[in-house]
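S.K.: These are the residues of each chain, in order.
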Amino acid sequence: MPIPIVQIRDLTKIYIRDVIGTEFGQLKIRLKNRKVAALQSLTLDVEEGQIFGLLGPNGAGKTTAIKILMGLIFPTSGSATLMGKPLGDKSVKSKIGFLPENPYFYDYLKGYEFLSYYGQLYGMSAGERKKKIPELLERVGLSHAADLPLKGYSKGMLQRIGLAQALLNDPRIVFLDEPQSGLDPFGRKEVRDLILSLKEKGATVFFSSHILSDAEMICDRVAILNKGRLINVGALEDILSTRIKTYEIEAADMADELVRDMEAKSNLTLRRKQSVLFSMENQDQAIGMVKKIIDSGGNLVSFIPRRETLEEYFFRKIESKTSDHRTEIDRSSKSSSLNKQEDVNG
Amino acid sequence: MGKTIAIAMNTFKEAVRNRILYILLIFALIIMASSGILGELTISARDRIIKDLGIASINFFGVLIAIFVGIGLVYNELDKKTIYTIVTKPIHRRQFLIGKYLGLLLTIYVNMLIMTFFFLAVIHYQNYMDDETMLKALWKPNAAGQYLQPGFFDYAWYYISSVFMSAFKSLATFTLLYNPEITRNILKIVFYGCLELGIITGFAILYSSFSTPTLSAIFTVLTFVIGRLNADIIIFADRMKEKGLLTMGAKIRYNLSWIAAHVTPNLWLFDKRNAVAEDAPLLSIDPYALIYFLFYTGAVLYMAVMIFRRRNFK
Chain A
3 MPIPIVQIRD LTKIYIRDVI GTEFGQLKIR LKNRKVAALQ SLTLDVEEGQ
53 IFGLLGPNGA GKTTAIKILM GLIFPTSGSA TLMGKPLGDK SVKSKIGFLP
103 ENPYFYDYLK GYEFLSYYGQ LYGMSAGERK KKIPELLERV GLSHAADLPL
153 KGYSKGMLQR IGLAQALLND PRIVFLDEPQ SGLDPFGRKE VRDLILSLKE
203 KGATVFFSSH ILSDAEMICD RVAILNKGRL INVGALEDIL STRIKTYEIE
253 AADMADELVR DMEAKSNLTL RRKQSVLFSM ENQDQAIGMV KKIIDSGGNL
303 VSFIPRRETL EEYFFRKIES KTSDHRTEID RSSKSSSLNK QEDVNG
Chain B
8 MGKTIAIAMN TFKEAVRNRI LYILLIFALI IMASSGILGE LTISARDRII
58 KDLGIASINF FGVLIAIFVG IGLVYNELDK KTIYTIVTKP IHRRQFLIGK
108 YLGLLLTIYV NMLIMTFFFL AVIHYQNYMD DETMLKALWK PNAAGQYLQP
158 GFFDYAWYYI SSVFMSAFKS LATFTLLYNP EITRNILKIV FYGCLELGII
208 TGFAILYSSF STPTLSAIFT VLTFVIGRLN ADIIIFADRM KEKGLLTMGA
258 KIRYNLSWIA AHVTPNLWLF DKRNAVAEDA PLLSIDPYAL IYFLFYTGAV
308 LYMAVMIFRR RNFK
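So the sequence lines, in the order shown, correspond to chains A and B.
Remember, the numbering used here sits 2 above the position in the first sequence when you count from 1.
Remember, the numbering used here sits 7 above the position in the second sequence when you count from 1.
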C-alpha cells in the first residue's frame, strides 16, 4: 500500500491566550492566561492524486492544520509527514505549493518580478523562469498585468497571482487555504477549474474552505472539523448517503382541493406565482401525488428526488455535536446540583 | 547562496522605497553641507570641525538608518504575512534572516557611500574656496593694464566648475588612486564605521526576530550607546573595584557595569576619528577589529537564527 502523501497523527495545537498580560512580539508578560485548543488529536490521511477538502466553520482549526503542515507553526503534540518525510524537509518543500488565506504580497513588485523572485526561491534558473512565468501568467489570466505593480491588483487578481506562485514549481501537492474566500462567482469558478486541472495533471490538492457547495462539486474526500476536532473524514459518497432524502414536486394549474390535500401531506410548501412546490420524504406518497396531479389535469413542472447535500450534512453534524455538548453540560450541571442537594440534605 | 542573495536583493528593493531612508539621507547631506558654515564660526581648527562633523554624520545617520529602516523589515514580513509564502519555499529560515541582514546592510552601505561621496566633495569644494589663485584669475587686465571686476557669468562659471571638480575629485578618491592630504584616512575611517554598523544591524535583526519594532528600536539604541561607552564603563568598573566593593549597592553597580561592558560589543574599537584629527599616517587595517566584527556579527546572527527557527508564525 502506498504511503499517503499527507499523514497526520494526533495533531494537537494549544495556544495560550492572555487573560491579563501583554505581548511585545515574542516577549510576553503573563499574569493570567487560559489554554485554547485550536486543534485536538487530528488524525487523517490523504492519498496522492486526490482533491481533499478540509471543511469547517470559522475557528474550526482548518488554517491551524495547514499552517502546521507548512511548518509555519509547531504542533503542541502529534506528528505529520508529507510524502513520507517529516515536516519542514527541504526536499519536500520543493515539491509543494502553498497559497495562504487572504494573501498579501510585496506590493512594490510587478507581477512578473514577483513570480521571478519566488522562482529564485525555488532555485529556478533565469532561463526556466523566463519560460515558466509567462505560461503561468497566461494560465491564471494575468498576462495583461505582468508589468503592473501588485499594489494595483484587485483582490481576485491577488488571489490569482498567489495561485501562480504556488504552481511555479509544478508541485506534487498544493495546499490552498480558503482559495475562494472573497472571490465573486466567476473567480470561484476559475479556482474550481484550476483545482480540477491540477488533479488532471496528477497533482494532489489539499484545500480548506467553508464554501461547501464548491467543495462538494470537486472534492474526492473531505474532512469536517469543528472547534478543533475532527467530526468525520472520508469519501463524499461515503459521507453523504446515496439514499434519497426528499422528493420535490413542482406543479401548476392544480385544483384548490388537490393543493390543500398535498399541502397537508408535504413537509414544505412554497406557493409561487404560477406554480406550487411541495417537498415530501415518502417515495410512495410522492409518486402517488404525481399521478394525482396528472390525473386531475394539472401540469407537472418538475419532479426531483434529492439526496442530502454536504451543507445539510455539515449543519446536521455541527448541530448534533453542539446539542450533544449542551446535553453533557446540562447533565453535569444537573448532577452537580443533585450532589449539592445531597450534601445539603445529608 | 543564490536564494539568500535573492532575499537580500528583494530586501534592498523594499528598503529603498522607504521614505524614512530619504529623509535621513537628506538630513545627513544638509548637515554635511553646512559643516563649512559651522567651521567658519570657529577661530581655528575649521578643517577638523568639518571632518569631525562629516564623519560623525555618516556614522550617526548610518545607525539611524539601521534602526528605523532595519527593525521594520522583519516585522513587516510577519505583520503582513508575506513570510508565509517565503518560508514555505525550499529555503531554511536562516537563509531568510541572513538574506534580510545582507539586504539591510547593502541599503546602509549604499547610503554610506552616497554620504561619503558628498562629504569628500564638500571637503574638496572647501579646499577650492580656500585657494584664491583661481578666484584671482577671474580678474583679467585690460589694455591699459587695469584689472577688471569679473562679471556674473565669470563667478557662476567659477562656482559651478568648482562643484563639478569637487565631485570629480571625490569620485577619484574612491578609486584609491587619488589620495590628497585633505581627505587622507577618511575612507578607512568610514570603512571601520561600516564594520560598526554591520554589528549594529545584526543586533537590529536579532531584536526584531522576537520583539516589536518599538522595543527593537529601544534595544538597538541602548546597545549602540552602551557599545560606544564600553571602554568608559570598563574603566568605571575597574575604579569601583579598586576602591573596594564594600556595600551591596557597590557590588550590584560593579556587576551590572561588568555585564553591560562584556555582553555588548566594544564599538569604541571601530572609532578611528582621532587618526583624522591628529593627521596620523595612513591607517593600516586593524586585524583585531576585523576579527572582532566577524566574530560578533556571526554570534549575533546565530542567536537571531536560533530564536527565529522555533518561532510560530501565527
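It is worth saying that the hints were derived from the structure and are not from the lab.
Take the hints with a grain of salt, since some may be wrong.
[Said to hold, decoys possible] Derived, one-sided and incomplete: chain A residues facing chain B with beta-carbon distance under 10 Å:
1) PRO102
2) GLU115
3) ALA168
All C-beta atoms in this analysis are idealised placements derived from N, C-alpha and C, irrespective of residue type, glycine included.
S.K.: Would you pick out the hints that fail for this structure and give their numbers low to high?
M.R.: Hint check: nothing fails, all pass.
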